[in-house]
Structure formats: structure tokens, C-alpha cells
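Please model the complete structure; the sequences and the hints are all you need to start from.
Numbering (my numbering), first residue to last: 9 to 572.
Be aware that a few hints might be false.
Ranges of calculated distance between the beta carbons of each label pair, as one might list FRET restraints [stated by the list, open to error]:
| id | residue 1 | residue 2 | range |
| --- | --- | --- | --- |
| 1 | P169 | T189 | 20 to 30 Å |
| 2 | G522 | I419 | 46 to 56 Å |
| 3 | D163 | S407 | 30 to 40 Å |
| 4 | D72 | P205 | 43 to 53 Å |
| 5 | T172 | N549 | 23 to 33 Å |
| 6 | G248 | I40 | 44 to 54 Å |
It is worth saying that the hints were derived from the structure and are not from the lab. From the three backbone atoms N, C-alpha and C, an ideal C-beta is built for every residue, glycine too.
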Amino acid sequence: MLKLRAGSTLLVVLVVVVMLSLGAYTFSELMIVEMEAANIYGRSLQSRELALSGIEQAAVYVGDRSEIDGWNSYHNPEQFQNINLVPGEISRTSGYFSVVAPVVTDSESKSIRFGLMNESGKLNLNILATEEVDDLEDVDSELDEFDIEADTPVDRLMYIPNMTEDIAAAILDWIDEDDETRSLGAESDYYETLGSPYSAKNAPLESLDELLLVRGVTPELLYGEDTNRNGILDPNENDGDATLPLDNADGVLDPGWSAFLTVHSREINIRPDGSEKINLNATMLTELYDELEAELGPDEARFIVAYRTSGPVPTLSDFESGGAVTAVGGETSEREALNELAVGIAKAIFSEEGVTVTRAGIDLSAGGIYSINSIYDLIGSEVETEIDGQQTTLVSPWSADPSAMTADLPILHDLLTTTKSQYIEGRIDIGQARLETLLGIPEMDEDLANSIVNSQMTDTNGAPSTEISQARQTTGWLVIEGLTTIEHMRTLAPYINSGGDVFRAQSLGYYGKGGPVTRVEAIIDGTFIPPRITYIRDLSNLGAGYPLSSFRGNETWWLGETTQ
Numbered sequence: 009m010l011k012l013r014a015g016s017t018l019l020v021v022l023v024v025v026v027m028l029s030l031g032a033y034t035f036s037e038l039m040i041v042e043m044e045a046a047n048i049y050g051r052s053l054q055s056r057e058l059a060l061s062g063i064e065q066a067a068v069y070v071g072d073r074s075e076i077d078g079w080n081s082y083h084n085p086e087q088f089q090n091i092n093l094v095p096g097e098i099s100r101t102s103g104y105f106s107v108v109a110p111v112v113t114d115s116e117s118k119s120i121r122f123g124l125m126n127e128s129g130k131l132n133l134n135i136l137a138t139e140e141v142d143d144l145e146d147v148d149s150e151l152d153e154f155d156i157e158a159d160t161p162v163d164r165l166m167y168i169p170n171m172t173e174d175i176a177a178a179i180l181d182w183i184d185e186d187d188e189t190r191s192l193g194a195e196s197d198y199y200e201t202l203g204s205p206y207s208a209k210n211a212p213l214e215s216l217d218e219l220l221l222v223r224g225v226t227p228e229l230l231y232g233e234d235t236n237r238n239g240i241l242d243p244n245e246n247d248g249d250a251t252l253p254l255d256n257a258d259g260v261l262d263p264g265w266s267a268f269l270t271v272h273s274r275e276i277n278i279r280p281d282g283s284e285k286i287n288l289n290a291t292m293l294t295e296l297y298d299e300l301e302a303e304l305g306p307d308e309a310r311f312i313v314a315y316r317t318s319g320p321v322p323t324l325s326d327f328e329s330g331g332a333v334t335a336v337g338g339e340t341s342e343r344e345a346l347n348e349l350a351v352g353i354a355k356a357i358f359s360e361e362g363v364t365v366t367r368a369g370i371d372l373s374a375g376g377i378y379s380i381n382s383i384y385d386l387i388g389s390e391v392e393t394e395i396d397g398q399q400t401t402l403v404s405p406w407s408a409d410p411s412a413m414t415a416d417l418p419i420l421h422d423l424l425t426t427t428k429s430q431y432i433e434g435r436i437d438i439g440q441a442r443l444e445t446l447l448g449i450p451e452m453d454e455d456l457a458n459s460i461v462n463s464q465m466t467d468t469n470g471a472p473s474t475e476i477s478q479a480r481q482t483t484g485w486l487v488i489e490g491l492t493t494i495e496h497m498r499t500l501a502p503y504i505n506s507g508g509d510v511f512r513a514q515s516l517g518y519y520g521k522g523g524p525v526t527r528v529e530a531i532i533d534g535t536f537i538p539p540r541i542t543y544i545r546d547l548s549n550l551g552a553g554y555p556l557s558s559f560r561g562n563e564t565w566w567l568g569e570t571t572q
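This is the structure we're talking about:
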């Protein structure tokens, strides 16, 4: 019978203890890893919620314009820069968000600001494609007197970098309602011959990504060199073929067509308090006068209804600029026909034979023979009309003097409109538009477009200026700052604005130190009350886009070569 050696039991016990210890160690390591993974996952979720909080903050800000004088979405560090939403005892546990945007007029593409991107700074393809030929013919008939050619939709698209006539025509064919192929365009008969056939949409676009279905449109054309979608020229976007994306290393960011085109822009046509604006082109002049008198006073009301009945006194500069195209002539337009019908009804209801309808001594029985294209038609103009049987010249209550315009325009802009439509679509925000977009505006000349781009909303240090952006609440700053004349402004005004009500926001959620970063992009439609978030996309897979260090401190507007 074999006997166990002395101490063998101890050896077995030691082996068992080692195995148990190893198992315990492995288990604890696994639990630590699991805990760290859970912590990272939790921080990732929280960083996403921080980023979404930035979007919600932007939506709330868009909807709250009770103090319109202090409202500023362009650059507002107090609302959008490094906002500490989750306080922590240490920086690692403190959560922040920032809403950031590039300064598109910076030629070096290295400046950022803390605010929203106005979609009206881009050309709205849906509105461009629905421009009717009849409307263009009406404009042409008026401009022919001054030897001016009206831009067609294809012409306006041709200012976009790398755009060709055949692609421009194909884009418009894709959106318009008919199946008629434009010159150089493409309709369903082309797309149905492809390997994977499909039909042209023939309806408004819901997203710019749909353009990738249009003949000739490629991701490179649509998104350019800006692979991380931050609007900043990053080192890898300026190194030729060394790293992706492939670029030309020219020191200039090619942002692609997405920086020039949109399908979302529009403005809500109401006052800041939500009430209706006064329609300057209202059919019933008596009601128009009464509304204007209550809001502005008798002299202002009299001048406006006199303008509607008699038109402005033309000046030499009006004829030179084409700004006096408001008079009726030729065949009766639809608006005039409706005016005549309304006048007939008004006479039947309110008048007896030999009795006229008057306000402030002006006979309003004939209705509004002249229309008002914009509030700039009223500024610095004169009207000759008959008051109490005497021919009288009325001088506008609103002077074209810069200081007077600075005080008057915000009030007039918030109170008056030239259409009863609930929304105004397709006008261009001159403060946030790129040069190529500005050049596509009808009646815009190259010198003025360059002057607008060079008049950046920056202070003497080159940083985005809150004060300047607030001072440019209306498009009148073009006249106030001497970039153009009031006569030229009258021709431009129907196509431009100082900011629409649909915004794009990029929000980053992050921690004071370490941890993940989430970047999301959203479209906020302020034409709804309350504003709606109509689109949202997570861009985190493209990287943070901006160095978090640039969000802290005062000198945060210049990124140099440090972007991620």
C-alpha cells in the first residue's frame, strides 16, 4: 500500500488556492472592464443627451423673440458657448454643450462662431424650380424698358461652383411637376433606361441627399472636400493626395453644393408677438387706412394710401436703376382685375350715386391702382395726389437718411408686409450667404455682392460681433452703411432678407475632461409655434469636428491649424 508523501496535501491546497485566486482575479478584472464599459456607455449616452439639449435650447431660443431687440442667433456665446448643463465636483463629471457654426464669409475657412446657421443664406431649390414661365414673362416685359435681362432658374444655379448647365437643367427637371424635358435636362424617360430604373420625382425635395439620384450629381459635387461637415478647412482637407479626402491643396475649402443649396428656407409673415402684419397691398383701402392710422398715425396712413392710388413720383435715378417699375400699363393683370372687382363691390355696398369713399381727403373709390413691392418703395419717395380737390405733393414720412432708417426700419419691418401669405419662401439672407449665392440674386451686381461678403459681422479683432449682427436686423443696412442706394434697394428687396425662420444647428455634447463627444445636426423650423425640429442627424462618426479647447475662454473664434 502506497503512502502519500508528507506535504502533498499542502501542495494540493496551494494549487486550489491559486486557482481560486486566479478565478477571483479574472472575475474582478472582468467586472472592472464591464464597469468601465458601462461607465463609458453611460457617458456616451449622456454626451448625446447633452448635444440634444443644445438642439432643444436652440429651438427654445428660436421660439422666444419677445425681446426682439436683443435677439441674436448669429453669434450668441451667452446662449450657445460651453454651457454647463451637468455640474460636477471635478471636470471629468461636468457635462457641457456648445452650438457652433463656421463663419462662411471667412476666406480661409478657419473661423467659428457660437450660434445658428440660417437656411435662408442658401438658394432654395424647391422655390427656384416652381417659378412659372408666366411670372418670368411679366418681369421681362417690365425690365425690357430698361434693357435688363431677368435671370432664369438655370442662370441662378450657374453661379454655384462646379455647376454645369446640363446638371442645373436636370436638377430643375427632377423637381418640377411636368414631364417635359428642358434643354440639356433629364426627365423620367432618361432615368427609366438605367440599369436600376426609376422615375424623376417631379415634386419638391425633402432632403439635399435626393440630388444624388439626379443625372450628373455625385457625392464629391454635393459635399466637396468637407468630409467631416464642420465648414472648416482641416489639415487633411488641404494636403492633396496624402490623406483622404483627395483635394487640390489650394488652401481653400470646397464645401460642396450643400453649402449653397437648401430645401428648407422660409419666413413666417407675422409680427414678433404672433399677430398679423398689415398688408400694404390690401384690396380695401379704407380698411388699410384705418389700420395704418391706428398703428402709425394719420400722416403715415395718408401717404401709403396715396401711394396705392397715385403711385410714386419717378426720379431720374429710378429710371436708371429700374426701380420705378410699379405703375400699371398694358393688359389688366390678375391683381388689377381683383382690385376692380373689389372696388365695384365696395361701391355697391358703401356708396350711393355721386358719393365717394374718402380718407384724409383722398378719394379711394378707384381702389389701389399701384402695388407696393417692399417697404423701401415708401422710404424717401414722393407722391402726387388729389386731396380735397387740390393737387398735392406728399413727402414720405420716412427719410432715406441713414440715422432715420436705423430707427424706422425695424418698426416697419415688424409691422408691415406686402403679401397676405402666411409664409414667404425663397428670399436670400444677405448676412449669411456666400458670394456665389449672392451673385445669383436678381438685380445683384458683382461689386455689391463682394462688398456684402467683405462687410463681415466681425469686430476690430476679427471675432464675430454680436453688436454688428444686432444692428443688421433688416436689409436696410446695405443703404445705411453706404453699400448701395435706396433706388437699387427697391429692386433688390423682393429677393433678399436679413434672416429667415428656418435654422440649421450643430450641437456638441462633451465633458470638462475626457470622455466621448457627440455631435448632432438638426433643422429647426421657426415658422411653427412652437418651433419644430424637422430633421436630426448624428455626425459623431465624422469626429468632433472642432477642438474642445476652442470652446473655452474668450479667444475661441480662430481655429488655425488645430481642428480635429
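Checked hints:
1. Between P169 and T189, the C-beta spacing of about 26 Å keeps the proposed range 20 to 30 Å intact.
2. Taken as a hint, the range 46 to 56 Å holds for the pair G522 and I419, whose Cβ atoms sit roughly 51 Å apart.
3. About 36 Å separates the C-beta atoms of D163 and S407, a value consistent with the hinted range of 30 to 40 Å.
4. Distance hint check for D72 and P205: the Cβ-Cβ separation is about 49 Å, which falls inside the suggested range of 43 to 53 Å.
5. As the Cβ distance of T172 to N549 is approximately 32 Å, the hint placing it in 23 to 33 Å holds.
6. In this structure the supplied range 44 to 54 Å holds for G248 paired with I40, their Cβ-Cβ distance being about 45 Å.
Of the hints listed earlier, there is not a single one the structure fails to meet.
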